[in-house]
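Asker: In the numbering used here, the protein residues as written are 1 to 232.
Simulated from the structure, these hints should not be mistaken for lab results.
Where hints are given, some of them may not hold.
Said to hold, decoys possible - Under the rule of at most 30 Å between Cα atoms (straight-line distance), these lysine-lysine pairs were calculated in the DSSO-like manner:
(1) Lys-106 x Lys-135
(2) Lys-78 x Lys-127
(3) Lys-106 x Lys-212
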Amino acid sequence: MILLQTLSTDGQAAIDTLAELETTTGSEIGLLDLMIKGGYMMIPLYLLFILAVFIFVERLIILKKASTTTKGLMDQVKMMVQSGNIQQAKMICQGEETPVAHMMAKGLDRIGSPLKNIEVAIENVGKIEIYKLEKNLGLLATVSGAAPMIGFLGTVAGMIRAFIGVAQEEGMVSPKLLSTGIYEAMITTATGLVVGILAYLGYNYLVTKVSKLIHNMEYTSIEFIDLLQEKK
């Protein structure tokens, strides 16, 4: 009789547990709930996400400004140099806050020096401008690699906690206890992958824009050196 009562009690508990699981599964879990249930390992992932967004937006603004060289700038400078109005050409370049304008302004400052010295001066300015364009891109690449690793670490830690909780349970282990611990642990992996993928895509997009700007700088510097050679 006692055995039958025990089986009946256990059976009712299992039914109640399954009912709870069905209710939880059937109801929609909000994004905020998932973010909270991910545990303390979600904090560095949040910080990495904010950092990645900040770097991407900041670099995007800088690159957009750097690529807004006025059309016909080279033609205006060429016209002034050929007419001997070097000072006016310098003023035109100084009115443009772009890498190309900075390089040409440095070249105009060195007019009268040997052509080799002018090339070196322009090249040095170009290196400085490239460094400014690529600033923080390495940090964005680090975020794209570190976020998934932190997510995996959070999942491993969560799984350990879940199985410790199962081991400490006396009697029949509730499926809800195990499944809840596992899905909460997996949240960090999903979040880490999302942050890593977004950072990786942003990094490659910015690298592509920087490459286009560098190509434009190289083309303009060659054209500017040819202009000085013609003048000589």
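Asker: Now look at each hint and say whether the structure bears it out.
Answerer: Hints, one by one, checked against the model:
Straight-line distance between C-alpha atoms of Lys-106 and Lys-135 comes to about 22 Å, which keeps the hinted pair within the 30 Å bound. For the suggested pair Lys-78 and Lys-127, the alpha carbons sit about 23 Å apart, so the restraint of at most 30 Å is met. Taking the CA atoms of Lys-106 and Lys-212, the gap is about 22 Å. The hint holds against a cut of 30 Å.
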